[in-house]
Every structure is written in structure tokens, then in C-alpha cells.
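Remember, this note's numbering sits 102 above the position in the first sequence when you count from 1.
Mixed in with the good hints, there may be bad ones.
[Claimed, not checked] With a cut-off of at most 25 Å between alpha-carbon atoms, the simulated SDA-like pairs for lysine to any residue come out as follows:
hint: 1; residue 1: K799; residue 2: Y845
hint: 2; residue 1: K889; residue 2: A854
hint: 3; residue 1: K522; residue 2: L308
hint: 4; residue 1: K588; residue 2: L308
hint: 5; residue 1: K256; residue 2: P584
hint: 6; residue 1: K256; residue 2: C583
hint: 7; residue 1: K851; residue 2: E881
hint: 8; residue 1: K757; residue 2: A855
Note that these hints are calculated values from the structure, not bench results.
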Amino acid sequence: MPERVYEHQEIEAKWQLRWDATPGLYKADEDSSRPKYYVLEMLPYPSGSLHIGHIRNYAIGDALARYKWMQGFNVLHPMGWDAFGLPAENAAIKNKRHPYEWTHANIAEMKRQHRRMGFSYDWDREVTTCEPEYYRWNQWFFLKMMERGLAYRKLANVNWCPECATVLANEQVIDGCCWRHETTRVEQKALSQWFWKTTAYADELLRDIDDKLEGGWPDRVLAMQRNWIGRSEGTEVDFTLEGTEQKIRVFTTRVDTIYGATCVILAPEHPIAQQLMDDEGKARAKELIDIRKQQDPSDVRKVGYFTGGYAINPYNGDKVPVWISNFVLMDYGTGAIMAVPAHDERDFEFATQYDLPIRSVVRAIDGGLEAIPTAPFTEYGITEIAGEFSGLTTADARRAMSAHAEKHGFGNASITYRIKDWGVSRQRYWGTPIPVIHCEDCGVVPVPLDQLPVLLPTDVKITGQGKSPLAEAEDFVNVKCPTCGKAARRETDTMDTFVDSSWYFYRYCDPKNSDAPFDSKKIAYWFPIDQYIGGVEHAILHLIYSRFFTKVMRDLGLITNDEPAARLFTQGMVIRDGAKMSKNKGNVISADETITNYGADTARVFELFAAPPERDMDWTDAGADGAYRFLGRVFRFVTRNVDRVSDGDPASDRKALRKLHQLIHRITDDFDSRWHFNTSIAGMMELVNVLYEEESKLSRAALDQILPALVLLLGPFAPFAAEEMWEVLGRTGPVFRQPWPKYDVELEKEDAADVVLQVNGKLRGRLSVPFGADQAALEQAALADPKVKPFIDGKQVVKIIVVPDKLVNIVVR
RNA sequence: GCCCGGGUGGCGAAAUCGGCAGACGCAAGGGACUUAAAAUCCCUUUUCCGGCAACGGGAGUGUGGGUUCAAGUCCCACCUCGGGCACCA
103 MPERVYEHQE IEAKWQLRWD ATPGLYKADE DSSRPKYYVL EMLPYPSGSL HIGHIRNYAI
163 GDALARYKWM QGFNVLHPMG WDAFGLPAEN AAIKNKRHPY EWTHANIAEM KRQHRRMGFS
223 YDWDREVTTC EPEYYRWNQW FFLKMMERGL AYRKLANVNW CPECATVLAN EQVIDGCCWR
283 HETTRVEQKA LSQWFWKTTA YADELLRDID DKLEGGWPDR VLAMQRNWIG RSEGTEVDFT
343 LEGTEQKIRV FTTRVDTIYG ATCVILAPEH PIAQQLMDDE GKARAKELID IRKQQDPSDV
403 RKVGYFTGGY AINPYNGDKV PVWISNFVLM DYGTGAIMAV PAHDERDFEF ATQYDLPIRS
463 VVRAIDGGLE AIPTAPFTEY GITEIAGEFS GLTTADARRA MSAHAEKHGF GNASITYRIK
523 DWGVSRQRYW GTPIPVIHCE DCGVVPVPLD QLPVLLPTDV KITGQGKSPL AEAEDFVNVK
583 CPTCGKAARR ETDTMDTFVD SSWYFYRYCD PKNSDAPFDS KKIAYWFPID QYIGGVEHAI
643 LHLIYSRFFT KVMRDLGLIT NDEPAARLFT QGMVIRDGAK MSKNKGNVIS ADETITNYGA
703 DTARVFELFA APPERDMDWT DAGADGAYRF LGRVFRFVTR NVDRVSDGDP ASDRKALRKL
763 HQLIHRITDD FDSRWHFNTS IAGMMELVNV LYEEESKLSR AALDQILPAL VLLLGPFAPF
823 AAEEMWEVLG RTGPVFRQPW PKYDVELEKE DAADVVLQVN GKLRGRLSVP FGADQAALEQ
883 AALADPKVKP FIDGKQVVKI IVVPDKLVNI VVR
């Protein structure tokens, strides 16, 4: 067969059509006898098109899925999309189309783009989270959580993004700004909102990081999660408000320093602060709250006021003033602290600023107490002037003093978390309606199960003006109370779209089920996800929420796994002109454009070749040219050698086959461990270079072994080209259904060992010797080597190091 | 400030267990083919010194120390870039 030019458009169009005719690229059944492998990419929030960064995410997962199938696994690799949140709503407003209609048009476009990329796609497992069935199960979960006290409504200070015109959960605030609008500062508003009790699982979420995720998830992500959950062990202690029976409860991790407390500081919102202060004081408190709202995170200004009240330290009966300050937060700990300026940085700063007394009660183990400290002593030491606790080490004092508080009823050891409950209410049109009804007589009434799903009305006006458009939809809002039958109002908040993405991967296992969210047996087969792949930006968003959801579902008896994913891989970002691709910066490269210019195969190969997948990479068109050239080289070699008759030269055959088997070994290892696909592809390039060198001297028999193996190795990375070449080779069936090639350890062996000769660690020569050569013989050969001799002549040989088959190092003086 | 990662040619990078630094590719330069161009194929390309050349020698993986026969790799200190957290009591 004559050489063919590599026409990527033609080839990709041809094989895309074939795949269309065969729905379900992966026929993955739960009762398969193969071992299972569930690989999944984190879904981006596509607002119309894939860009080159998305391709990278999918290319990694798709290559792995194809490899695993070829290795004999029963692979579940669904591809889809989940929550269409604000982008859909915004686009709908702009295009004057109903979001539902817009979303479905968008999904059709996404499908087309996925097909063009040749991503394996299980058409039977399509899940779109805007569908009524998905709403039903979201709502069903919501009600289950209410039953268990995990969903509740309360008036709270919540984050408000003016751009989105909705509230946000804490996890969705990044550097004081909205996660979707990097330059829009989030405001605080007091609103009545629905929350999910993530704090109820704080301890388990933290513990399982060590017990279940360590080793399988990147340390970076685990560190971020630990940080976010923020467990701290300490003590709660009641100070008595002077002249009353009222207690001010403070939380401290350093109860051992309490004899040095010279002040109690309350958050400005603290009820006791409010009660102590007159109108002027309240105005000041409000001022403090405002300072905090507007405060730049890097601004560390502390402002405080004396409330006029005094509190009694229960350990020593000291009377200390009660202050308020902006640096004490109402929603962490108890909203009140004891200030120990001598042993805490912040308290020291505050005390210095307002001339409060500073009293040392902890000394360094080998030092004395500082009478007038110039800086706080915050290290481990010995507690002094603390009555019966004097002389104890920091750790012992903490234990003894916590026990003392508990025994005398004025406190106890306590654990505080930084993580807060997940605010799930959104004032958006788009999202699952929260399934409750507000009745004047009966209060908050759950919608009965047989009335689910509560669906979005289709005739609302979408304004994007900060109030849920649902509130204006009279037919939707005005309902009868399910309990008493009186006129009542439907809840108009919708759920955070992160709710949808928290369990979509369960629904993928059983997407058409209308009796239950899923069949638990199917989940038991597929879960946990063997490999989850996505960007690090979801480390404390999606990846906390979905862990929480998994634990709740386990406690509801629906599943048995404790964690959603056994292994997580975070791929690097695709950078363009030194910045992450984003619409705002206008540096987005559309996948469609790239596929048209270079082809899907080239886009994938280049993205995997340019850098190891965990590292950020720059997209440059120049680099893509190289990947394209490589595919062309392979293609031409295969097409012109498919039926060429040749006797060949045994030496060339041996060289090429050795390279081939080394390559199979290398790529197999890369897939099984490091995923350094850049070196896998580099290896294929090396093989192709050898094939070009030896081409005229390769025998038919060698070619018959090399060509199909090369095509199979290329399959996971460049599926279209591989498919076409497979056909050229006269083979049938999709490439990814072939068994993965095996390497032969005999064939990959070099003929002789290349032994490096060093003198004092410097390379001076090399020897080619048979494998397993005798040490003494190697030493002799090295000493006699003409390149080595000049460097040892006239010097004393002190020592000779021999690493068999590798190296001889002669140490001379 | 605390916690994670990084720092290797003009560029992206490789070196998997302490054993030949720079594989593979990009860009650049040269050559072949061609009326010409594109495409393709081949060669050179860390740097400095010596040489017409083959070649020979020195230096070299952010900086300074250390361990070792041997360090990009291990240890200590520092510089620097990126990311995360940050009045969390």
C-alpha cells in the first residue's frame, strides 16, 4: 500500500460517525466477570463550549479508561454535565430564552463537541441534573435530611454576591470575593436561609482524611481540607458577669494561661455585649461590625471598646474588664475570648494598644517569668503563679485545668471546628426548588413525598434582579397547606447547584431509575470511584460537599462506602499568556477551533506530551505542530509498510523489537503508576525514530509484530488515528476492545551491558561487556582501559567501586 | 505568619531506587528533494577553552554548607516563584 497523507479531518469525521452508530462505547454491566474500574472526570460548568483546558481533563480520564478496558477491566466512564446554574440563567436572560430550553440546546451542543473530541461516552448513562427525575431525588434527600435534623432554616449573616444576586456558602467565597466573579466583593446580609449540617460530620470528615484518603488523594487537597475543617481542641470556661448570675462562656486552646487573663473580649454582636451597652455603645458595636465587613483581609487593624461591665475569672476570682472588638468573631467558638496578652500575639497587640495590663504566667522550661514582657511568650513551657497548677508543663496544666473546670461546673474540655454549615438556599430561578411549604398555623411543612418533584414553573419572568423569580410566580407560590389545608406559601428558594454535583456520580450508575435515587446493589458494585480526576479548584467546594453527601447517604442506609472516591488526581491548569484561561481575560482557546485546525488527536497528544498531567502547562500553537507531525509520521510509516515485502536484517529487527518491548513496558508502567504520559509519548517518538532509521532493513515478520502493537499503544492517546490505522492493518473491531499488548522481558533486554568507567566520580570511558560479568574482570578491564589509564598513571589506586552491569569507579589519590 | 508544591539549555521538559545531566519535542541554523514554495527527509544545537578537524579538557541542575567512591536526587541553612489558609482564640 502506498504512503498516505495524514488527513485528520477526514479520519476524525469517519470514526466519529461510526461511533454514533454504535451507542454505548463501553458496555459496562454490573454483573460482568471482569474486575470493575470506575473512572470519572470532574465536570466543568460548561456555559456553551469546551475550551482547551477541559480537553486536558477529559484526555487524561479517557486515556486511562481506554487503557483499563484493554487491560481487561469492566470500565464505567460516563461523560456528561451537571448543574447549569447561573451561566444558564444569565445566558437565558441575554438570549431571551427560557433557561430550560436554553440548557437543552446547550446540552446538544456539548454532545456534539464531545463526539468531535472522540471522548468515550456511555449514552445509556446520560444524566442531566436539570431533569424532573433528578429534582425529585434532590428533594427527596432534602426531606430525608430534614427528618434527621440535618436540614434547618435559620436567620443568619450570610454571604451575598451582588453580581449573582444570591447568597453563597462559605466555601464559595474566595479571598472575600465570589467564586464566579473574582473581582466582586461579597457582602454580608442577615437573611433567613436553609442550611445543611456539615458540622455534624466535621469530625468524621477530618478523621477519614487520615484513615481513608491519605495516599489516594493528593496531599495538597488533604491539607486544604484539614485546614478548612479546622479542628481545635480547647476548653470552654464560664466567666461570671459581675453583679449578676450571668455567665460569659469563652473558648480557649490555652486554658493553662488563664491566670494571666486580664480582660474578656466579646464579638460586637454578642448578646451580652448588646445588653451591657447603651445606645452609644451599640452604635460603636455596629461600627465594628461595619469595619469587619469592609475590611480588606490583609488589613489587621484592631479596634475595641470597653463595655462598662466586669467579669470574674472562675479560677482566681480576678475581676477583669469586658470589652468588645472587631477581631473576635461571633460565629467561631463562643463569640467570646479571654485575653491573655502575655501569651498570645493578638491579645498582646490589643493590650498594648489600649493599655491593658500584661501578666506573665508561663515561663520557658529553662528560664524565668518575664516581669514586663516585650513580646508574647507563646511557646511550650511551665505554668507559674497559678495556684495548685503552678509548676505543671503546658500540656499537663491544660489537662488538669480542664478537669478542674468540669469538676466545679464552670467549664469543660471542648472541640471547635472552623467549618460551618452549608448554606444551600439560593435566590435563583435555576436550581431544584426546596420542597417545603410555609403555613401560618403549621409552620414549615415538608411537601408530601407523593407530590414530588416540585418543578419549576415555565412562565416566569427572569430579571436577575436579586429576588428569586419564583416569588413572582403566583401559581407556583400559592398552595394549600398539606397538613391543615389552609392557604399557604411555597418556599421560593432553590438549592445550590453544588447539591446536584454532590451525588451525580451515584446517579450515573443507575440513571433511569424512577423508584429510587439509585439501586444500592449497583452502587455496591461500582463504588467507590476508582479514579476521580479534576482541577484543584474544587478541593474545598465540590470535594467537601460530595464527601459530606456520601456520609449522609451511608447513614440513610443507601450505600455502604464511606468515601466517594478512593483515588483523586488533580491535573494542572492550561495557561495562556501567563494566566488561567477565562472569559474575563479573553484568552480562551476554544476546543472547536483547535479540533478544526489540528484535530482532536493532536490536541490530546500535545496536551499530554507538553507536561506531566499534574503540572500547569502553557498552551502554544507551536507545540501542537510537533504533535501533529508525530501523528503524521506514525501514519505514513504504517500505511506504507502495511504490505511491503522485505527480508530484513536481523540486527535491525532486533533493535526495533527491543525498542518496542521496552516501550510497551514503559507505557504500561506509566499507566499503572505515575501517569507521566509525556514520557509515554516521548517513548513512542523514540520508537518511531528508530523505525525510520531501520525502515529499509526491517523484515516482514518484525513489521507484523511492530505495526499492530504501535497502533494499540497509541490508541488511548489518539483514538481516531489509531482506529483508522487499525482498519488499514486489516483488523476489525474498535481498538479499545483489543487486549493491551504484552512485553517480552527477553526481547527488551540489551545485548550487552554498557558499563560506565569513572575516575574519582568523573566519566572517563565506557565498556561494553556481557551481562553478569565478574567483578574482578571488570576491575581489570577498567584499569587497562586506554581512556582511563592517563588519569590513574602515577597515582595510587585507593579503592574500586563496582556496580555490576553498570559502573566502575576508580578512586585515586 | 503558618501549611503545601516548584526552581534543570533560547523554550516545554527527561533523568522511576544515590550511579553517563539535558531523553523526547519546540524554536533556531545548515543540507537534500523541488523551476519555486509548502510538505517531507537528514544533520547541528548546555556553556567556556584549545584545535582546520576528528577530538581533548574545564564548568554546569536557585545560593551556601554537609553526607558519600559518587548528589538534579539525601541532610542543614538560605534565596526565590506559585498555590492554599490567615485576627479561628
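Now for the hints, and whether the structure bears them out:
Using a Cα cut-off of 25 Å, the hinted pair K799 and Y845 holds, with the two alpha carbons roughly 23 Å apart. Taking the CA atoms of K889 and A854, the gap is about 20 Å. The hint holds against a cut of 25 Å. For the hint pairing K522 with L308, the CA-to-CA distance comes to about 14 Å; that is within 25 Å, so the pair holds. Note on K588 and L308: the hinted pairing is violated, with a Cα-Cα distance of about 46 Å set against a maximum of 25 Å.
Using a Cα cut-off of 25 Å, the hinted pair K256 and P584 holds, with the two alpha carbons roughly 22 Å apart. This hinted pair checks out: K256 and C583 have alpha carbons roughly 21 Å apart, not beyond 25 Å. At roughly 24 Å between alpha-carbon atoms, K851 and E881 fall within 25 Å of each other, so this suggested pair holds. Pair hint K757 plus A855 holds up; C-alpha atoms about 15 Å apart against a cutoff of 25 Å.
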